[in-house]
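Position chains Y and A relative to chain V; hints supplied.
One letter stands for each residue in the lines below.
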Amino acid sequence: MTAVADIQEQESWFHRNQQRIAPWLFLAPGLLFFMVYVIIPVFQSFNLSLYEWDGLGAAEYVGFRNYEDLYWEWVDRDAFYISLKNNLIWLLLYLLSIPAGLFIALFLNQTVRGIRLYKSLFFFPFVISQVVVGLVFTWFYDPTFGLLNEFLGFFGLGPLNVLGDERFVTYGIIFAGLWPQTAYCMILYLTGLNAVDPEQIEAGRLDGAKGWRMLWHIILPQLRPATFIAFVVTIIGALRSFDLISIMTQGGPFGSSRVLAYYMFEVALSEYGFRMGYGAAIAVILFLIMLCFIAYFLWSMYREEKGH
Amino acid sequence: MFPKPIEKQPRAAQITYQAMLPLALLLWLGPLLAVALFSVKPEADFTNANYWGMPSSFEGAFNYGQVFFNSDMPRYLLNSFLITVPTVIGAVALSCMTGFALGIYKFKSNLWIFFMFVAGNFVPFQILMVPVRDLTLQLGLYNTKTGLVLFHIAFQTGFCTLFMRNFIRALPFELIEAARVEGISEWRIFWYVVLPLMKPAIAALSVLIFTFIWNDYFWAVVLTQGAESQPVTAGITSFNAQFRAAYQLMSAGSIVAALPPVAMFFLMQKHFIAGLTLGAVK
Amino acid sequence: MHSMFKRTAAALAASVALAAPVAAELTGELRIFLDTSNPAPRATMEAMIERFAAEHPGLEIETTVIDREAYKTQIRNFLTADTPDVATWYAANRMKPYVEAGLFEDVSDLWAEPEIAENLASTKGAMTIDGKQWGVPYTYYQWGVYYRKDIFDELGLTEPTTWEEELANCQKIVDSGRACYTIGTKFLWTAGGWFDYLNMRTNGFDFHQQLANGEVSWEDDRVKQTFANWKQLIDMGAFIDNHQTYSWQEALPFMVKGDATAYLMGNFAVAPLREAGLTDDQLDFYQFVAINPDVELAEDAPTDTFHIPANASNKEAAREFLRFVASANEQTEINNGANLGQLPVNAQSSVDDDKFLQQGFTMLSSNSPGGVAQFWDRDAPAEMAKVSMEGFQEFMVKPDNVDRILAKLERARQRIYDN
Chain V
119 MTAVADIQEQ ESWFHRNQQR IAPWLFLAPG LLFFMVYVII PVFQSFNLSL
169 YEWDGLGAAE YVGFRNYEDL YWEWVDRDAF YISLKNNLIW LLLYLLSIPA
219 GLFIALFLNQ TVRGIRLYKS LFFFPFVISQ VVVGLVFTWF YDPTFGLLNE
269 FLGFFGLGPL NVLGDERFVT YGIIFAGLWP QTAYCMILYL TGLNAVDPEQ
319 IEAGRLDGAK GWRMLWHIIL PQLRPATFIA FVVTIIGALR SFDLISIMTQ
369 GGPFGSSRVL AYYMFEVALS EYGFRMGYGA AIAVILFLIM LCFIAYFLWS
419 MYREEKGH
Chain Y
316 MFPKPIEKQP RAAQITYQAM LPLALLLWLG PLLAVALFSV KPEADFTNAN
366 YWGMPSSFEG AFNYGQVFFN SDMPRYLLNS FLITVPTVIG AVALSCMTGF
416 ALGIYKFKSN LWIFFMFVAG NFVPFQILMV PVRDLTLQLG LYNTKTGLVL
466 FHIAFQTGFC TLFMRNFIRA LPFELIEAAR VEGISEWRIF WYVVLPLMKP
516 AIAALSVLIF TFIWNDYFWA VVLTQGAESQ PVTAGITSFN AQFRAAYQLM
566 SAGSIVAALP PVAMFFLMQK HFIAGLTLGA VK
Chain A
602 MHSMFKRTAA ALAASVALAA PVAAELTGEL RIFLDTSNPA PRATMEAMIE
652 RFAAEHPGLE IETTVIDREA YKTQIRNFLT ADTPDVATWY AANRMKPYVE
702 AGLFEDVSDL WAEPEIAENL ASTKGAMTID GKQWGVPYTY YQWGVYYRKD
752 IFDELGLTEP TTWEEELANC QKIVDSGRAC YTIGTKFLWT AGGWFDYLNM
802 RTNGFDFHQQ LANGEVSWED DRVKQTFANW KQLIDMGAFI DNHQTYSWQE
852 ALPFMVKGDA TAYLMGNFAV APLREAGLTD DQLDFYQFVA INPDVELAED
902 APTDTFHIPA NASNKEAARE FLRFVASANE QTEINNGANL GQLPVNAQSS
952 VDDDKFLQQG FTMLSSNSPG GVAQFWDRDA PAEMAKVSME GFQEFMVKPD
1002 NVDRILAKLE RARQRIYDN
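Residue numbers (the working numbering), protein chains in the order written: chain V, 119 to 426; chain Y, 316 to 597; chain A, 602 to 1020.
Here chain V stands alone, though its shape is the one from the complex:
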């Protein structure tokens, strides 16, 4: 008898507090997974960056020596300097995918026959894995038979060994990366253009706005949400550039196409890399760079949430 009463008591307690407890029960599995695999590892990496560890034996605490080594690599213009410099180039040039995407979106924002198929075919590169994109462009640039040199030869130029020349290699890889990224931005803008208010366009036309002026003063302000997302995904894409470099050059020739994401992998886990702690220190630097953007993004979201 008392047992039944107990359960009723419990039930009513649960019932009374249901709305306070329920969210935590719903959150628990997802939160647990996310904590274990994402949040805690971030802190572990911070910790690991203070150690010297070959991934096999015991780790040795070295304080900030890994960061000191990075500093000297910076001073000596060694690998870390090159990686950081290339990261900056990636960040800047990758942003070109935003205007390029907008341009293609404007080009395709028509209602002629078959345009839907065109739109999906233009979007196509984004769906393909970066590994395949990397292979495709490696062959595109190949100095003996690449399409690029065929093309340049047609105009009496070249030949160019893009991936073998330390002056061009990073730009060559970024160009390959721009291909899918532009497709992504394009789709964001195409959707955005669908939502542009036709009345405002009409009003603009009445005011005599045309072409560029119309785009700048009336269309772009309305595309701001799309631009914002395009900006965020492009920045993240630029800082995550690992697959293309790994497939196309492995950081070469002589290390001139490294970026932090690849360099980290290289020192920690690649064929000759045994420096887990050092890799962690590089990852921390990369994380701190990314943190600027994450903070900016969260701050915008926070403002929007409060605005609601």
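Keep in mind that the hints were calculated from the coordinates and are not lab data. Think of the CB as a built atom: it goes at the ideal place given N, C-alpha and C, for glycine as much as any other residue. Among the hints, a few may not be true.
[What the hints assert, rightly or not] Straight line, CA to CA, 20 Å or less: simulated SDA-like cross-link-like pairs of lysine to any residue:
(1) Y:Lys323 - V:Leu224
(2) V:Lys237 - Y:Lys319
(3) Y:Lys423 - V:Ala146
[Unchecked claim] To be clear about the criterion: a stretch of chain V counts as covered by chain Y if any three or more of its residues have a C-beta under 8 Å from a C-beta of chain Y, and this derived list gives those stretches:
(4) 239–246
(5) 400–407
(6) 416–424
Only chains Y and A this time, still in chain V's reference frame:
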């Protein structure tokens, strides 16, 4: 509509536009078409330096036959499915719940937890690499599909939560309040009221996550090692090592590896674009 | 304690096996990881494992073949988790990190058995760290210059033996519109082969090893002399263009098509060159020329090996497998021309009649008085190997940067060996 509809332009502009469309597409997909051309060429064309001419004979069947019957490719493809599908199910299931919790309930730390998911979603992979690899080794899941799936589920939960939470926010809240007034338990509200309304979001997210996971390369390299567990993105590098300098086979292999997400995209295009933009352009 | 016990038990089992060569039937599972992913070696190894399996029907053998390049990074994972019972690897410094971390089994007991002690004596040094042996070799091969004999004949050239002859030959080849050497340095190690030879010929084997061990400055005049010699070749256009974008396999067609006349490579290059259509009349071999007459000739002859991971579960069967691999008959079989096409490590084995193997065997056994090196990335520690080979690649593209490159290598040396 912007720019001005082409139908309202002079005839000459219309014709130019119609002519430029296929041309632009050809240019845009040029590198890919080149690989498709490579994949049906006979080996002799490459030794004779006939890279860009017409194939001297059509060897598509032979080349693709090699990929499917004389390499580990089918196994890699199977692995990719066995990794991708459970991840999609897991991540979508978890994020339906987290999205529900963060979208419906008002509690103090709500926004902070939400922001944590969002921020975590953006961290560079490299800062997770060493600890996640160690964790997977300790769990005895290194070089297993399970190890890869567990990590992917956890990581994708970040993005999926962002997506689901925003979607649920936009649902009519009155429905839930009405259900509560009738004394329906929270679990049942989730199951019978909200979940049916989330179908479009689930479809969109599934397609999107499928593509993301299928195309993952970094974690495949870090957490798996052989043909028994590696997905096709990592497998293609071994495949290429096996057929080094046999461009017709490497091309065919790349096309095969790229095909499933492409098929997914064309079949589920509506959901796919909804997924990309719903979580985004809101 | 537990692992201690297991180790003693395994040792005990091994010594029992020693006492009675036809040991009790082996049972259980034997997991073998191989890096022999190219088609021919793969088939060879699989056939060898089948023969082993036929002798031990009670064993359940599982073979995993991993891509050769990927294997190099994955070994450190599978040595600690999901560990096989037998794994392939390389000799000398290349196995050092794993030996030092206690991940390889000490197999000195095998080396105490007369069968191995007597017949594998020549490779014992390469398998020894801290006075113990950590694995068993299964093949080795010579390096040297593989060249197009038909083109040499056409230009009236003969095999050079001195640096002057080498340069004179090369000049004639360049004048005929060809490159003297094909090479693909995308994965760096091929440039390491050139450095090995140029430095060993300029400064001798002992100096070369001192450099690998970090005992000499990279800005030493002797090192600079090596690079000056190298620069002579680069400046005259001896190497193909764009080598930094090719793998070693992608560099083969230049030689096949006759755009380049020679390849400094390991003997494994012969098989793909023949497959590509070069006959033995077109293809020949010579030892890398002498440069400094005061130093003795020394050669690269990398040794590939089998090891038992310390975490293996069936060490008894693994030991038996290692004995099997090193046995005279198997060595003759797997290294013959139809299989690996390399040199057997067992002195009782016979070398295949293949002309390249015969030349290589003679060269290594009678014309390499200075010593035998493993290879640059096996002799130098991993990190130094990486940085330096990157430097070699840069040097081959931009020889004028030599001072900057050497300064960078010297900085790296001071950091790496200091730890």
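Now for the hints, and whether the structure bears them out:
1. Y:Lys323 - V:Leu224: holds (16 Å)
2. V:Lys237 - Y:Lys319: holds (18 Å)
3. Y:Lys423 - V:Ala146: Distance of about 16 Å is within 20 Å: holds.
4. 239–246: holds (count 7)
5. 400–407: Holds: 5 residues of the stretch 400–407 of chain V have a Cβ under 8 Å from chain Y.
6. 416–424: Holds, because 4 residues of the stretch 416–424 of chain V bring their Cβ atoms closer than 8 Å to Cβ atoms of chain Y.
Violation of the numbered hints given earlier is absent; every hint is satisfied by the structure.
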